[in-house]
Amino acid sequence: MSPIAGIAWLVVLLLGNAFFVAAEFAVMTARRSQIEPLADAGSKRAKITLGAMENVSLMLACSQLGITVCSLLILNVSEPAIHHLLAAPLHALGIQDNVASPVAFIVTLALVTFLHVTFGEMVPKNMSVSAADKAALLLAPPLVLVTKVVRPLIVALNWTANHIVRLFGITPQDEVSSTFTLEEVQSIVEESTRSGLVVDQTGLITGALEFSSQTAQSIMVPLADLVTLPANVTPADFERAVGKTGFSRFVFADEAGVLIGYLHLKDVLRIPLERYQMPIGEARVRSMVNLAATEEIEDVMATMQRTGSHMARVIDAHEQTMGVLFLEDVIEQLVGEIRDATQTHIHERRKA
0 MSPIAGIAWL VVLLLGNAFF VAAEFAVMTA RRSQIEPLAD AGSKRAKITL
50 GAMENVSLML ACSQLGITVC SLLILNVSEP AIHHLLAAPL HALGIQDNVA
100 SPVAFIVTLA LVTFLHVTFG EMVPKNMSVS AADKAALLLA PPLVLVTKVV
150 RPLIVALNWT ANHIVRLFGI TPQDEVSSTF TLEEVQSIVE ESTRSGLVVD
200 QTGLITGALE FSSQTAQSIM VPLADLVTLP ANVTPADFER AVGKTGFSRF
250 VFADEAGVLI GYLHLKDVLR IPLERYQMPI GEARVRSMVN LAATEEIEDV
300 MATMQRTGSH MARVIDAHEQ TMGVLFLEDV IEQLVGEIRD ATQTHIHERR
350 KA
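Last residue of the sequence shown: 351 in numbering that gives the first Met the number 0, with the numbers rising by one and none dropped.
Hint data in this document are derived by calculation from the structure and do not stem from the laboratory.
Please read these numbers as outputs of a predicted model, since none were measured by experiment.
Be aware that a few hints might be false.
[Claimed, not checked] Below, simulated BS3-like cross-link-like pairs (lysine-lysine); rule was C-alpha separation at most 25 Å, straight line:
no. : residue 1 : residue 2
1   : K124      : K147
2   : K265      : K133
3   : K243      : K133
4   : K133      : K147
5   : K43       : K133
6   : K124      : K243
7   : K265      : K124
8   : K243      : K265
[As the list claims (entries may be wrong)] Label pairs and their in silico Cβ distance ranges:
no. : residue 1 : residue 2 : range
9   : I94       : I169      : 48 to 56 Å
10  : E318      : E281      : 31 to 39 Å
11  : V164      : A301      : 37 to 45 Å
Glycine residues also receive a C-beta, built at the ideal position from the N, C-alpha and C atoms.
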(Lines of atoms letter the chains of each structure in order from A and count residues from 1; the text may use other names and numbers.)
(Lines give C-alpha, C1' and ligand atoms only; values in the text may rest on other atoms or scores of the structure.)
Protein backbone atom coordinates (compact mmCIF):
# COMPACT_ATOMS: atom_id res chain seq x y z
CA MET A 1 0.00 0.00 0.00
CA SER A 2 1.37 3.39 -0.98
CA PRO A 3 1.94 6.04 1.69
CA ILE A 4 -0.76 8.23 0.15
CA ALA A 5 -3.28 5.37 0.28
CA GLY A 6 -2.28 4.66 3.88
CA ILE A 7 -2.84 8.28 4.88
CA ALA A 8 -6.17 8.27 3.05
CA TRP A 9 -7.24 5.16 4.94
CA LEU A 10 -6.12 6.80 8.20
CA VAL A 11 -8.46 9.71 7.50
CA VAL A 12 -11.31 7.37 6.58
CA LEU A 13 -10.85 5.27 9.72
CA LEU A 14 -10.68 8.38 11.93
CA LEU A 15 -13.93 9.60 10.40
CA GLY A 16 -15.48 6.17 10.93
CA ASN A 17 -14.36 6.10 14.56
CA ALA A 18 -15.68 9.64 15.06
CA PHE A 19 -19.03 8.64 13.55
CA PHE A 20 -19.53 5.67 15.88
CA VAL A 21 -18.46 7.67 18.95
CA ALA A 22 -20.76 10.58 18.11
CA ALA A 23 -23.67 8.27 17.26
CA GLU A 24 -23.26 6.37 20.53
CA PHE A 25 -23.37 9.50 22.68
CA ALA A 26 -26.17 11.04 20.61
CA VAL A 27 -28.46 8.03 21.04
CA MET A 28 -27.66 7.89 24.76
CA THR A 29 -28.16 11.59 25.56
CA ALA A 30 -30.93 12.69 23.17
CA ARG A 31 -34.28 13.53 24.79
CA ARG A 32 -37.42 11.74 23.67
CA SER A 33 -39.44 14.85 24.46
CA GLN A 34 -37.63 16.64 21.62
CA ILE A 35 -37.75 13.77 19.13
CA GLU A 36 -41.32 12.54 19.61
CA PRO A 37 -43.06 15.74 18.36
CA LEU A 38 -41.05 15.52 15.12
CA ALA A 39 -41.97 11.86 14.73
CA ASP A 40 -45.65 12.68 15.34
CA ALA A 41 -45.38 15.37 12.67
CA GLY A 42 -44.35 12.71 10.16
CA SER A 43 -40.55 13.00 10.15
CA LYS A 44 -39.16 9.67 8.97
CA ARG A 45 -35.72 10.52 10.35
CA ALA A 46 -37.24 11.21 13.78
CA LYS A 47 -39.14 7.90 13.72
CA ILE A 48 -35.92 6.02 12.95
CA THR A 49 -34.16 7.91 15.74
CA LEU A 50 -36.89 6.93 18.22
CA GLY A 51 -36.47 3.32 17.12
CA ALA A 52 -32.75 3.57 17.82
CA MET A 53 -33.42 5.05 21.28
CA GLU A 54 -35.81 2.19 22.02
CA ASN A 55 -33.15 -0.37 21.07
CA VAL A 56 -30.18 1.37 22.65
CA SER A 57 -28.54 -1.92 23.63
CA LEU A 58 -28.18 -2.96 19.97
CA MET A 59 -27.09 0.53 18.98
CA LEU A 60 -24.35 0.52 21.61
CA ALA A 61 -23.17 -2.90 20.53
CA CYS A 62 -22.90 -1.71 16.93
CA SER A 63 -21.11 1.47 17.96
CA GLN A 64 -18.61 -0.40 20.12
CA LEU A 65 -17.96 -2.88 17.36
CA GLY A 66 -17.35 -0.07 14.89
CA ILE A 67 -15.08 1.81 17.32
CA THR A 68 -13.06 -1.33 18.06
CA VAL A 69 -12.58 -2.24 14.41
CA CYS A 70 -11.60 1.30 13.43
CA SER A 71 -9.21 1.61 16.37
CA LEU A 72 -7.46 -1.67 15.56
CA LEU A 73 -7.08 -0.86 11.88
CA ILE A 74 -5.86 2.71 12.36
CA LEU A 75 -2.40 1.79 13.65
CA ASN A 76 -2.01 -1.16 11.28
CA VAL A 77 -2.81 1.00 8.27
CA SER A 78 -1.06 4.18 9.34
CA GLU A 79 2.19 2.75 10.70
CA PRO A 80 3.61 1.51 7.36
CA ALA A 81 2.56 4.71 5.57
CA ILE A 82 3.99 7.11 8.15
CA HIS A 83 7.09 4.93 8.59
CA HIS A 84 7.74 5.15 4.87
CA LEU A 85 7.33 8.94 4.91
CA LEU A 86 9.75 9.22 7.84
CA ALA A 87 12.35 6.88 6.38
CA ALA A 88 13.93 9.36 3.98
CA PRO A 89 14.34 12.21 6.54
CA LEU A 90 15.77 9.78 9.10
CA HIS A 91 18.25 8.37 6.61
CA ALA A 92 19.19 11.92 5.58
CA LEU A 93 20.09 12.55 9.21
CA GLY A 94 22.40 9.54 9.13
CA ILE A 95 20.28 7.34 11.39
CA GLN A 96 20.73 3.61 10.77
CA ASP A 97 17.78 1.31 9.97
CA ASN A 98 17.99 -0.52 13.31
CA VAL A 99 17.42 2.82 15.04
CA ALA A 100 15.19 4.46 12.44
CA SER A 101 12.51 1.75 12.69
CA PRO A 102 11.89 2.13 16.47
CA VAL A 103 12.00 5.92 16.16
CA ALA A 104 9.51 5.83 13.28
CA PHE A 105 7.24 3.53 15.26
CA ILE A 106 7.30 5.76 18.36
CA VAL A 107 6.60 8.86 16.29
CA THR A 108 3.80 7.07 14.45
CA LEU A 109 2.30 5.78 17.71
CA ALA A 110 2.36 9.24 19.28
CA LEU A 111 0.90 10.95 16.21
CA VAL A 112 -1.82 8.36 15.64
CA THR A 113 -2.74 8.33 19.34
CA PHE A 114 -3.12 12.11 19.32
CA LEU A 115 -5.25 12.03 16.16
CA HIS A 116 -7.31 9.11 17.42
CA VAL A 117 -8.04 10.52 20.89
CA THR A 118 -8.58 14.10 19.70
CA PHE A 119 -10.42 13.78 16.38
CA GLY A 120 -11.71 10.22 16.73
CA GLU A 121 -12.98 10.43 20.32
CA MET A 122 -13.06 13.76 22.15
CA VAL A 123 -14.16 16.14 19.39
CA PRO A 124 -17.11 14.00 18.17
CA LYS A 125 -18.13 13.18 21.74
CA ASN A 126 -18.22 16.83 22.80
CA MET A 127 -20.05 17.91 19.66
CA SER A 128 -22.61 15.13 20.06
CA VAL A 129 -23.28 15.85 23.73
CA SER A 130 -23.55 19.60 23.11
CA ALA A 131 -26.24 19.13 20.46
CA ALA A 132 -27.58 15.69 21.33
CA ASP A 133 -31.01 16.02 19.72
CA LYS A 134 -29.69 17.32 16.40
CA ALA A 135 -26.84 14.81 16.45
CA ALA A 136 -29.25 11.94 17.08
CA LEU A 137 -31.46 12.96 14.14
CA LEU A 138 -28.37 13.16 11.92
CA LEU A 139 -26.45 10.07 13.06
CA ALA A 140 -29.04 7.58 14.30
CA PRO A 141 -30.44 6.68 10.83
CA PRO A 142 -27.04 5.66 9.36
CA LEU A 143 -26.22 3.84 12.60
CA VAL A 144 -29.47 1.89 12.29
CA LEU A 145 -28.51 1.02 8.69
CA VAL A 146 -25.09 -0.27 9.78
CA THR A 147 -26.77 -2.24 12.57
CA LYS A 148 -29.03 -3.98 10.04
CA VAL A 149 -26.02 -4.95 7.93
CA VAL A 150 -24.13 -6.55 10.82
CA ARG A 151 -27.21 -7.56 12.83
CA PRO A 152 -26.32 -11.27 13.32
CA LEU A 153 -22.97 -10.37 14.86
CA ILE A 154 -24.49 -7.55 16.91
CA VAL A 155 -27.25 -9.78 18.28
CA ALA A 156 -24.69 -12.38 19.35
CA LEU A 157 -22.52 -9.76 21.07
CA ASN A 158 -25.54 -8.13 22.72
CA TRP A 159 -26.86 -11.48 23.97
CA THR A 160 -23.48 -12.28 25.50
CA ALA A 161 -23.15 -8.85 27.12
CA ASN A 162 -26.68 -8.98 28.58
CA HIS A 163 -26.07 -12.37 30.18
CA ILE A 164 -22.81 -11.17 31.69
CA VAL A 165 -24.59 -8.09 33.09
CA ARG A 166 -27.28 -10.31 34.65
CA LEU A 167 -24.56 -12.29 36.43
CA PHE A 168 -23.88 -9.12 38.43
CA GLY A 169 -27.57 -8.80 39.38
CA ILE A 170 -28.25 -5.91 36.98
CA THR A 171 -31.16 -5.88 34.53
CA PRO A 172 -30.08 -4.76 31.03
CA GLN A 173 -31.99 -1.82 29.55
CA ASP A 174 -32.97 -1.63 25.89
CA GLU A 175 -34.42 1.89 26.02
CA VAL A 176 -32.92 5.22 26.98
CA SER A 177 -34.49 6.75 30.07
CA SER A 178 -35.23 10.49 29.72
CA THR A 179 -36.82 10.98 33.11
CA PHE A 180 -35.61 13.35 35.79
CA THR A 181 -35.82 13.06 39.54
CA LEU A 182 -37.64 15.76 41.51
CA GLU A 183 -34.31 17.06 42.80
CA GLU A 184 -32.93 17.28 39.24
CA VAL A 185 -35.98 19.21 38.02
CA GLN A 186 -35.74 21.58 40.99
CA SER A 187 -32.06 22.17 40.20
CA ILE A 188 -32.88 22.86 36.54
CA VAL A 189 -35.60 25.36 37.48
CA GLU A 190 -33.34 27.12 40.01
CA GLU A 191 -30.52 27.45 37.50
CA SER A 192 -32.90 28.59 34.74
CA THR A 193 -34.41 31.19 37.08
CA ARG A 194 -30.98 32.55 38.04
CA SER A 195 -29.94 32.81 34.38
CA GLY A 196 -33.22 34.52 33.39
CA LEU A 197 -34.50 31.70 31.18
CA VAL A 198 -37.47 31.07 33.49
CA VAL A 199 -39.55 33.74 35.24
CA ASP A 200 -41.49 32.44 38.24
CA GLN A 201 -42.67 35.62 39.96
CA THR A 202 -45.80 33.98 41.35
CA GLY A 203 -43.89 30.94 42.63
CA LEU A 204 -46.17 28.56 40.72
CA ILE A 205 -43.35 26.41 39.35
CA THR A 206 -41.57 26.24 42.70
CA GLY A 207 -44.81 25.42 44.48
CA ALA A 208 -45.60 22.63 42.03
CA LEU A 209 -42.16 21.08 42.55
CA GLU A 210 -42.42 21.29 46.33
CA PHE A 211 -46.01 20.00 46.25
CA SER A 212 -44.96 16.34 46.34
CA SER A 213 -42.92 16.75 49.51
CA GLN A 214 -46.00 17.64 51.60
CA THR A 215 -48.19 15.30 53.63
CA ALA A 216 -51.61 15.71 55.19
CA GLN A 217 -50.07 16.34 58.61
CA SER A 218 -47.69 19.03 57.32
CA ILE A 219 -50.49 21.34 56.11
CA MET A 220 -53.41 20.46 58.36
CA VAL A 221 -54.79 22.85 60.98
CA PRO A 222 -54.22 21.31 64.44
CA LEU A 223 -57.21 20.94 66.76
CA ALA A 224 -55.85 23.66 69.03
CA ASP A 225 -55.89 26.17 66.16
CA LEU A 226 -59.29 25.19 64.82
CA VAL A 227 -62.36 27.44 64.92
CA THR A 228 -65.40 25.26 65.71
CA LEU A 229 -69.11 25.75 66.30
CA PRO A 230 -71.34 23.69 68.64
CA ALA A 231 -73.70 21.17 67.11
CA ASN A 232 -76.80 23.06 68.35
CA VAL A 233 -75.87 26.37 66.66
CA THR A 234 -78.64 28.26 64.84
CA PRO A 235 -78.39 29.82 61.35
CA ALA A 236 -78.40 33.23 63.02
CA ASP A 237 -75.48 32.18 65.24
CA PHE A 238 -73.70 30.86 62.17
CA GLU A 239 -74.09 34.19 60.35
CA ARG A 240 -72.81 36.07 63.38
CA ALA A 241 -69.77 33.78 63.45
CA VAL A 242 -69.17 34.53 59.78
CA GLY A 243 -69.40 38.26 60.43
CA LYS A 244 -67.09 37.98 63.43
CA THR A 245 -64.35 35.86 61.85
CA GLY A 246 -64.82 36.36 58.11
CA PHE A 247 -64.76 32.61 57.52
CA SER A 248 -67.09 30.86 55.10
CA ARG A 249 -66.85 27.33 56.53
CA PHE A 250 -66.92 26.05 60.08
CA VAL A 251 -66.26 22.68 61.67
CA PHE A 252 -69.03 21.41 63.98
CA ALA A 253 -68.22 19.65 67.25
CA ASP A 254 -70.49 17.89 69.73
CA GLU A 255 -70.53 18.51 73.51
CA ALA A 256 -67.57 16.15 73.97
CA GLY A 257 -65.53 18.10 71.43
CA VAL A 258 -65.71 15.35 68.81
CA LEU A 259 -65.76 16.71 65.27
CA ILE A 260 -68.94 15.69 63.49
CA GLY A 261 -68.60 17.55 60.17
CA TYR A 262 -68.64 21.00 58.63
CA LEU A 263 -70.99 23.48 57.00
CA HIS A 264 -70.55 26.18 54.39
CA LEU A 265 -72.20 29.61 54.49
CA LYS A 266 -74.13 28.86 51.31
CA ASP A 267 -75.70 25.83 53.05
CA VAL A 268 -77.03 28.09 55.80
CA LEU A 269 -78.39 30.66 53.32
CA ARG A 270 -80.68 27.97 51.89
CA ILE A 271 -82.42 27.50 55.26
CA PRO A 272 -85.87 29.19 55.38
CA LEU A 273 -86.03 32.39 57.46
CA GLU A 274 -88.61 30.94 59.81
CA ARG A 275 -86.01 28.38 60.96
CA TYR A 276 -83.20 30.91 61.57
CA GLN A 277 -83.61 30.79 65.34
CA MET A 278 -83.76 27.00 65.45
CA PRO A 279 -80.75 24.64 65.66
CA ILE A 280 -79.39 23.72 62.27
CA GLY A 281 -79.30 20.04 63.14
CA GLU A 282 -76.73 17.40 62.41
CA ALA A 283 -78.70 16.23 59.35
CA ARG A 284 -77.57 19.30 57.44
CA VAL A 285 -73.90 18.98 58.45
CA ARG A 286 -71.55 17.71 55.78
CA SER A 287 -69.40 14.73 56.68
CA MET A 288 -65.61 14.86 56.49
CA VAL A 289 -63.49 12.21 54.85
CA ASN A 290 -60.75 10.63 56.98
CA LEU A 291 -57.12 10.93 55.86
CA ALA A 292 -54.00 9.34 57.30
CA ALA A 293 -51.49 11.88 58.63
CA THR A 294 -48.73 10.44 56.44
CA GLU A 295 -50.76 10.46 53.23
CA GLU A 296 -49.03 12.31 50.39
CA ILE A 297 -50.61 15.53 49.22
CA GLU A 298 -51.34 14.28 45.68
CA ASP A 299 -53.39 11.43 47.16
CA VAL A 300 -55.06 13.85 49.57
CA MET A 301 -56.21 16.09 46.73
CA ALA A 302 -57.42 13.11 44.69
CA THR A 303 -59.46 11.80 47.63
CA MET A 304 -61.04 15.17 48.41
CA GLN A 305 -61.89 15.76 44.76
CA ARG A 306 -63.39 12.29 44.43
CA THR A 307 -65.56 12.67 47.53
CA GLY A 308 -66.41 16.34 46.90
CA SER A 309 -65.29 17.23 50.43
CA HIS A 310 -63.77 20.65 51.20
CA MET A 311 -62.54 19.49 54.59
CA ALA A 312 -60.98 16.27 55.82
CA ARG A 313 -60.27 14.83 59.24
CA VAL A 314 -56.58 13.93 59.68
CA ILE A 315 -56.05 10.90 61.91
CA ASP A 316 -52.94 9.24 63.31
CA ALA A 317 -52.00 5.55 63.36
CA HIS A 318 -54.33 5.03 66.35
CA GLU A 319 -57.26 6.65 64.50
CA GLN A 320 -57.17 9.67 66.80
CA THR A 321 -58.05 13.03 65.24
CA MET A 322 -55.01 15.27 64.90
CA GLY A 323 -56.54 18.16 62.98
CA VAL A 324 -58.50 19.21 59.93
CA LEU A 325 -57.24 19.63 56.38
CA PHE A 326 -58.85 22.29 54.19
CA LEU A 327 -58.95 21.90 50.42
CA GLU A 328 -58.05 25.58 50.13
CA ASP A 329 -54.76 24.91 51.95
CA VAL A 330 -53.98 22.01 49.63
CA ILE A 331 -54.52 24.19 46.58
CA GLU A 332 -52.46 27.01 48.09
CA GLN A 333 -49.50 24.64 48.32
CA LEU A 334 -49.64 24.42 44.54
CA VAL A 335 -50.64 27.91 43.36
CA GLY A 336 -49.78 30.13 46.30
CA GLU A 337 -51.99 32.02 48.72
CA ILE A 338 -55.62 32.42 47.68
CA ARG A 339 -57.32 35.66 48.75
CA ASP A 340 -61.07 36.13 48.70
CA ALA A 341 -63.78 38.06 50.55
CA THR A 342 -64.16 35.32 53.12
CA GLN A 343 -61.59 32.91 54.49
CA THR A 344 -62.17 29.25 55.22
CA HIS A 345 -60.42 29.26 58.58
CA ILE A 346 -57.59 30.87 60.53
CA HIS A 347 -54.31 29.72 61.99
CA GLU A 348 -54.67 31.70 65.20
CA ARG A 349 -55.49 29.93 68.43
CA ARG A 350 -59.02 31.11 69.22
CA LYS A 351 -62.62 29.86 69.30
CA ALA A 352 -65.67 31.43 67.73
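Contradicted hints - numbers only: Going through the list in order, the structure violates hints 2, 3, 6, 7, 10 and respects the others.
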